[in-house]
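Number of protein chains: 2
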Amino acid sequence: MAVEIKELTSRSENYAQWYNDLVLKADLAENSAVRGCMVIKPYGYAIWEKIQRQLDDMFKETGHVNAYFPLFIPKSFFSKEANHVEGFAKECAVVTHYRLKNDPNGKGVIVDPDAKLEEELIVRPTSETIIWNTYRNWIQSYRDLPILINQWANVVRWEMRTRLFLRTSEFLWQEGHTAHATQEEAMAETRKMLDVYAEFAEKYMAVPVLKGAKTPGERFAGALDTYCIEALMQDGKALQAGTSHFLGQNFAKAFDVQFLNKEGKREYVWSTSWGVSTRLMGALIMAHSDDNGLVLPPKLAPFQVVIVPIYKNDEQLAQIDAKVAGIVAGLKDLGVSVKYDNSQNKKPGWKFAEYELKGVPVRLAMGMRDLENNTIEAARRDTLTKETVSVENIAVYVKNLLEDIQRNIYRKAFDFRAEQTITVDSYDEFKEKIEVGGFILAHWDGTSETEERIKEETKATIRCIPFEGEKTPGKCMVTGKPSAQRVVFARAY
Amino acid sequence: MAVEIKELTSRSENYAQWYNDLVLKADLAENSAVRGCMVIKPYGYAIWEKIQRQLDDMFKETGHVNAYFPLFIPKSFFSKEANHVEGFAKECAVVTHYRLKNDPNGKGVIVDPDAKLEEELIVRPTSETIIWNTYRNWIQSYRDLPILINQWANVVRWEMRTRLFLRTSEFLWQEGHTAHATQEEAMAETRKMLDVYAEFAEKYMAVPVLKGAKTPGERFAGALDTYCIEALMQDGKALQAGTSHFLGQNFAKAFDVQFLNKEGKREYVWSTSWGVSTRLMGALIMAHSDDNGLVLPPKLAPFQVVIVPIYKNDEQLAQIDAKVAGIVAGLKDLGVSVKYDNSQNKKPGWKFAEYELKGVPVRLAMGMRDLENNTIEAARRDTLTKETVSVENIAVYVKNLLEDIQRNIYRKAFDFRAEQTITVDSYDEFKEKIEVGGFILAHWDGTSETEERIKEETKATIRCIPFEGEKTPGKCMVTGKPSAQRVVFARAY
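Top line first, the protein sequences correspond to chains A and B. 95 is the number of the first residue of the first sequence in my numbering; add one for each residue after it. 95 is the number of the first residue of the second sequence in my numbering; add one for each residue after it.
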C-alpha cells in the first residue's frame with residue numbers, strides 16, 4: 095500500500111527540506127512570481143479558513159467586533175511614534191505613483207512620471223498608526239470606551255529570506271486594536287487575548303504553548319509590554335505563535351487621542367494590539383507531521399474522514415456506493431465532515447498515499463469482503479494503525495476516534511516538549527545543550543547586554559519570561575548576577 | 095418619540111447628500127486619511143460579513159473553493175493581454191521601492207533611493223494576470239480541469255472621484271477565476287455564477303435585478319462576453335451589482351496555459367471570472383432606506399431584533415430584565431438574532447431613533463403596563479407601524495414578522511422598479527423620459543457609434559441586453575436601423 099507517488103525528504107535527513115517538500119506536495123502553498131509572496135492553495139486555504147472561523151468566534155465571544163481600515167498608510171504617520179518607526183518603517187513596500195501609461199517606445203507600459211504622489215504611501219506592515227489616527231475622531235468621552243475592534247487583513251513586510259508560511263513578504267493575519275479608559279483595563283485585555291490565543295493553540299491546533307512576556311529587546315516596536323505564546327517544533331526550535339501587546343498611552347499620545355474621564359478631566363487613551371498570522375500554518379505543519387506527510391488535528395482538518403471504495407468493476411462500485419451513502423449520512427448527522435472519493439481515474443493505493451500526505455485524520459476503506467461482513471476498515475493518520483470495525487455505529491465510532499486523535503496529537507506534542515525542556519545552571523552546559531535544541535530554562539541577569547551576548551555566541555534568544563512554573567530567584571548563568579526567575583531560551587524560527 | 099439626534103438630509107432634498115449622511119450617521123463607513131480609501135466601521139462591516147458568509151456558502155455549494163494569490167502583480171504581466179492592459183494598467187497604485195530610511199536631515203523617514211525595485215509592482219486592480227500565470231503550472235491535462243477557485247481580497251483602482259462603498263480606491267471583493275476544458279463548460283459557468291449573484295441579490299438583499307449581457311463597449315477588459323445584474327435605486331439610477339465574464343482563451347493564450355485533451359492534443363484552456371464587491375453595500379443602502387435611516391432586509395441585518403426596556407427605576411428595570419430574558423432565549427431558539435439594550439446611559443427615545451437609523455428590522459419595547467398585561471410592543475422598521483402583542487408565542491410572531499418584512503421589502507423594490515420601467519420608441523421621448531430616471535426599454539441598432547451618441551447626448555448607458563422578457567425585433571430609436579430586441583437604458587452609478 096505504500097505507494098510513493100510524491101517523495102518527501104525525511105525529517106532526520108533535512109528538516110527544512112522536509113518542511114518545504116511537505117508544504118508543496120500536500121498542496122498547501124507555493125512561491126509566486128512575486129518575490130517573497132506566496133500563493134495559498136485551496137487545501138492550505140481551507141485549513142486557514144478553519145483557523146479564521148474559530149478565532150473569529152472566540153474574538154466575538156470576548157466582545158470584539160470586526161472592521162476594516164485602509165491598506166495604505168501615509169509615510170508621515172510612521173514618524174509619529176519614535177520606537178514604531180524604527181521597527182516598522184524600514185523594510186516595506188512603498189507606493190510612489192498612481193498611474194501607468196503606454197511606453198512611447200511601444201514596449202508595454204511604464205510608470206507615468208506625472209503621476210507621482212505628493213506623499214508616498216506605505217503598504218501596511220501593521221495598522222496601529224492608521225487606526226489610532228482614526229480613533230482620534232471616534233473617542234471623546236469615557237462613554238466611547240472601550241473600543242474592541244479586530245481586523246482580518248493582508249500585510250506586507252519586505253523580507254529578504256522567505257519561507258512558505260513562516261516568513262513571507264505578504265501574509266494574512268488578524269490584528270486586534272483596542273482602546274481603554276484605564277491602564278488596568280488595557281493590561282487585562284492584553285492578558286485576556288493572550289489566553290484566547292493559548293486556548294486556541296492548545297484546544298484546536300493541539301499545540302502546547304508557553305505563555306510569557308518578551309524581554310524589552312524583543313518587544314513589539316512601540317509596546318510597553320509584549321506577551322507571547324511560544325511553541326516547540328519537532329526539530330527543537332521554538333516558534334512564536336502569537337503576540338499581545340500592551341501599548342500604554344504611546345499611540346494615543348502620538349496621535350493625540352484623549353477622552354474626558356468620569357471626573358471631566360482629559361486623559362490619553364490606553365491601548366493594546368494583538369495578532370496571529372498565516373505563520374500559524376507553519377506551526378501546525380511542523381508540530382505534528384511526519385515523514386509520510388501532514389498530520390492534522392481533526393478540529394482544523396478541511397475534511398476529517400475520507401472513504402475509499404475498493405472494487406474490481408462498476409457493479410461492485412455501485413454496491414459499495416449504496417452502502418457508503420448511509421455511512422456518509424450518519425457521519426454528517428454527527429457533525430463529522432467527510433469526503434467519499436469514488437473517482438475512477440485513481441487507484442485505491444494512490445488515494446491512500448494522497449490522503450495520508452494530506453493528513454486526513456481518519457480513512458475508511460470498504461471492499462467486497464467488508465460489504466459481505468458489514469464491516470469497514472478504519473485507519474487513523476496519527477498512529478498509522480488500522481482496524482476492521484462493524485458498520486453498525488460507525489458514526490459514533492468515528493466521532494470518538496476523532497476526539498481520541500485530537501487528544502493524542504496534543505499529548506504527543508506535550509510529551510515531546512516535556513522531554514525537550516531542561517533546566518541548566520552553567521553557561522558551558524547551556525552552550526552544549528542548545529546544540530541539541532529544545533527549551534532551556536536558565537537564569538539571566540535581566541540586562542540586554544547579557545541577552546545579546548548569549549544570542550551572538552549561541553544563536554539562542556530568550557523566548558519569554560514565563561508566567562507559569564517555578565519562580566525561584568537565582569544567579570545569571572553568564573554573569574552570576576542576581577536573577578528573579580528562570581527564563582526560557584531556545585533557537586527559534 | 096421622534097428624537098432627532100442625528101439629522102439626515104431627506105431623499106427629495108438631495109439624494110446624494112442623503113446617501114452620504116446615512117452612511118456616516120448609521121456608522122457604516124467613513125473616509126480615511128488616505129485619499130479615496132474608506133474605513134468600514136463595525137456596523138457596516140457586520141453587514142458585509144453577512145453578505146460574505148452567504149455568498150461564500152453559495153459558492154461552495156456550487157463546487158468552488160477559496161485560495162489566496164499575491165497582492166502585487168509584476169508590471170509586465172499587464173502587457174500580456176492587449177485589452178486588459180488598456181482597461182486596468184492605468185489608474186493603479188505602483189510600488190517602486192521596498193525600503194525607507196531615516197532622513198539624514200532628521201525629518202522623519204524618506205524613501206531609500208538604493209531600494210528601487212528592478213520591476214515595479216502593481217497593487218492588484220483584479221487578479222486575472224497573476225492567477226493565470228500561476229495556473230500555467232497547475233494545468234497539464236484535462237484531468238486537472240476544471241479549476242473552480244474564488245478569492246476574497248482587497249483590490250485597488252486609483253479613482254479621482256470617490257463615494258463611500260460605491261466607488262473607492264481600495265475596496266473589498268471576491269473574484270472567482272475558473273479554468274475549463276471546453277468553451278461550453280466555461281460559458282455555462284459564466285451563466286451559473288450570474289444566476290448565483292441574482293439569487294443572492296433577490297433572496298438576501300431583497301433587491302430585484304435584471305440579468306443580461308453587456309454591450310461590447312461595456313465589457314470587462316479582456317472578456318469575450320460580460321454578463322451583469324442591474325439594480326434600480328430609489329433615485330431612478332441603475333447600479334451594476336455584479337458581473338460574470340466569459341474570457342474565452344484570452345488569458346490562457348496570454349500566459350500560455352495549455353492542456354492535453356482526452357484525445358491527447360494540446361489546447362488552450364477556457365476561462366471565466368466573476369465578482370461582487372463592497373459596492374453591494376451601496377446598493378443595499380440605496381434600494382430600501384428612507385428619510386429616517388437604513389432599512390435592512392432581515393437576512394442581512396447584523397441583529398434582527400432589538401428590545402428596549404421602558405422603566406422609571408432600578409426595580410422596574412430588574413422586573414423587565416427578568417421577563418425579557420425569557421423572550422431573548424425564545425428568539426435565539428428560533429435562530430433570530432437579538433440585542434437587548436438595557437444600557438442606562440441612554441433614554442428609550444434615543445434608542446428608538448438610533449435603531450431606526452440603523453435599520454434594525456424589528457423593535458420590541460416593554461414597559462410596566464406591558465409587564466402587567468403580559469404584552470410587548472412590536473414595531474417594524476419597513477412600514478414604521480407597531481402593534482401591541484401578547485408575550486405568549488412572541489418568538490414565533492417575530493419570526494413570521496421577519497419573513498414578512500423580507501418579502502415586503504423585496505416587493506416594494508420590485509413594484510418600484512416595475513413603475514420605473516418603461517418602453518420607448520422615439521429618441522425624443524427617450525430624451526424626455528431619461529430625465530425622470532428608471533429603466534427604459536428601447537431598440538438600438540447594435541453599433542457602438544449609436545451607443546456612444548446616446549451616452550454623450552443623454553448620459554444614459556445601455557445597462558444590459560436582457561436575457562428575459564419580450565424579444566421582438568424592431569427599429570433603432572436613433573438611426574431606424576434594424577434591432578434584434580429592446581435593450582435596457584438608464585443613467586447609472
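The set of hints was computed from the structure by calculation and includes no laboratory data. Wrong hints could be hidden among the right ones.
Distance condition first, Cα-Cα at most 27 Å in a straight line; then the derived DSS-like pairs of lysine-lysine [stated by the list, open to error]:
no., chain 1, residue 1, chain 2, residue 2
1, B, K154, A, K154
2, A, K201, A, K331
3, B, K441, A, K356
4, B, K359, A, K426
So, partial list: chain A residues that the calculated Cβ filter (under 8 Å) puts toward chain B [as the list claims (entries may be wrong)]:
no., residue
5, R251
6, W252
7, L260
8, E312
Remember, it's a predicted structure, so these values are computed and weren't measured experimentally. By construction, the Cβ of each residue, glycine as well, lies at the ideal position given by its N, Cα and C atoms.
Right, here's what the structure says about each hint:
1. B:K154 to A:K154: Judged against 27 Å, a Cα distance of about 24 Å means the pair holds.
2. A:K201 to A:K331: violated (49 Å)
3. B:K441 to A:K356: holds (19 Å)
4. B:K359 to A:K426: Roughly 42 Å separates the two Cα atoms, so the pair is violated.
5. R251: violated (10 Å)
6. W252: holds (4 Å)
7. L260: For A:L260, the interface hint is violated, since the closest Cβ of chain B sits about 16 Å away, which is over 8 Å.
8. E312: violated (22 Å)
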